[in-house]
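With the hints as a guide, bring the two chains together.
Same order as they appear, the protein sequences are chains A and B. Per our numbering, the very first residue in the first sequence carries number 68; after that it's consecutive. Per our numbering, the very first residue in the second sequence carries number 471; after that it's consecutive.
No wet-lab data here; the hints were simulated from the structure. Keep in mind the model is a prediction, meaning the values are calculated, not measured. For glycine and all other residues, C-beta sits at the position ideal for the given N, C-alpha and C.
Which residues of chain B face chain A? A partial, calculated answer using Cβ under 7 Å: (1) Asp478; (2) His482; (3) Ala485; (4) Lys507; (5) Phe508; (6) Gly509; (7) Val514; (8) Glu517; (9) Thr518; (10) Val521; (11) Leu525.
Here is what each chain is made of, one letter per residue.
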Amino acid sequence: MSTKQQKERVDLLQGTLDLLILRTLVRGPAHGHAIAKAIEFKSDEVLHVEQGSLYPALHRLIKRKWISVEEGTSENHRRAKFYRLTAQGRRRLTVETSKWDKLAGAIARILGRVEQEGQS
Amino acid sequence: MLEDLDKDIREHIEAETLENIERGMSPEEARSPALRKFGNVTRVKEETREVWTFLWLELLREDVRFSFRMMRKSPSVTAIAVGTVALAIGANAVVFSVLNATILRPLDVPHPESLYTIEHWRDKSLALSYPDYLDLRDHNHSFDGLAAYNGTQAGLDTSGHPARAFVDEVTGDYFDVFGIQPHLGRFIHASDEHGPNSAPYIVLNYAYWHNHFQDDRGVIGRTVQLNKHPFTIVGVAPPGFHGPVLFFIQDFFVPIVNQEQVEGQNSLSKSRSA
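If we strip away everything but chain B, and leave its shape as in the complex, we get (with noise of 0.2 Å):
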């Protein structure tokens, strides 16, 4: 009906215009009269519009009304219904959920795509000891940078209330192979690694300081317990990085060199693997 409309009243000025050609007007002079009588050509267009978005609201409304009213009826049928669709709401989250993490959003850093794992495997395990890492890095041609770490777990004592927390251990160079900034203080570098214990420094994941710490800014430069070690936080890496691990959310960021204070043992020093 509405699809017309502009036809319709296109053709209702031109009858009107030919109209008053008849009537003697030069063709020229014939159409804005022809205007004048029909009116606000904008305003009929919206009226008549008006005239059926009301009466789409009100089938709308009576749809409505009526599907409830049957399935107060039949409340099986409306029970299985219902438990159908959410559970292929909650299966099309779930598959969402995991595609949105691996494939649609790869990892937030300069460039994901020049980052690549290297990984050493014995026996069904993971074998890549530290040494292996100092190897690898010193001989190595291929890559800008070669990064590692560790996550583990560990008790960290902010304020007299000691509970565990996941820490990534990470080499020197690690945040500076991901290419990335702290969204505060500063990051932990090669140039603080100094042999074993020697780089007490913490650095907070994004989520861990606005959860824990409540986005304050003061945390840079306090010193906490880790182990019943002093550990200097210095900085908080950028909202969303949590290394390149999917499904391991560390709350903060230590050198690997001082995995002895962290883990109460170190392999920094245990055989290579190859």
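The shape of chain A in the complex, shown without the other chains (with noise of 0.2 Å):
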């Protein structure tokens, strides 16, 4: 396998992805493979994402309207598709946003306890 230091690797939560691929094109409009790289480098290449899985969340986010696309050309000069937020998907962001701190809250608190039962 590959030399650099090995981290535990968790799978992604159904939907998550589609949630995730909003969140980096907050930033500006990217091309599919700088979304991987992005969505790879901002969670410490903990979260196992295969690359292929990306596109058909994009296919899906576009059927939405959640995003757009838009010819560009890339940093090496390739023309290439980019994937912009359009404004219905950036309001989907905020709300998805808030009901993820809901679920994670919710899910931490009920781990917590567990552990504090285990430590006593």
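Structural data, given as structure tokens:
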């Protein structure tokens, strides 16, 4: 395997990839490979995301009109598709993020309690 | 959107490969980690297509519901449209069935292209007598064979219930001229003819055998009454064969030499027409 430090990898929960894509695009339009890199980098390479699974997710978001597609030139001067967050997508991201926070908080509280009980 | 998917995926993997090279891998070994990282390309394509397939179905359902709602709203327009389409389909079906019978499906015999009809008209009606036929047949040097037939009706009694049937009276070489083989039993041949009423044999049309005898293979050899004269069923013609006339479908064939029994009179010795 690779020589770099091995971290415990976590599979992504269903539906969270869509959220991560939307979050990534807040910084501006990006092409497929760049989105994959950004998610990988931001998550400190803990999340195990097959880069391919990005594509069904991107198309799902296009279909819901949360992102749009435009032609552009990538950093190595190639024509590529750029995905851009739409106003609708931005609103959606806000809603989904707060939902996620609630869910994560609730799960953390439950799991935390188990830990305390174990310690006592 | 989907038409570029292959290209998008290819370029994605290329970009990853380039990055691996920049990290110090050799160009040969850079590609396979890129592919591994991407995952199953075929599955990715399928899943991406699915996203749009279901959308297409959803849109279709909405369209259908909308059109039905509009049709209910204006029944008269709907009725006119449905009527127009129905008439058009009907007209097309008629034209097609005629074309299908006449042009698209030629006679189902071994060499339909070498069949010819000989006619003789007098006073605006067909006038070719049996003696005429015999003359033509005996002095024929142009064709392999010459057969004649005459469509008529007769009463057929198979089990105490006489019914009217369409009959083709045929000459002995009729089936041999067409070059076909019987579906069951045997055909009538020239060797069966020994003068008037010498060949009381019946060859059934396949469809008639199917409908009236329920495909009973035991009909061969059975004696039936044709206009109160005993005739023996000797064979069944092949499926689809009903002679050369498009819009006449006979129930069975009998030898023309038995015409007197079939019709109650005969025209076999009628004078020559020309």
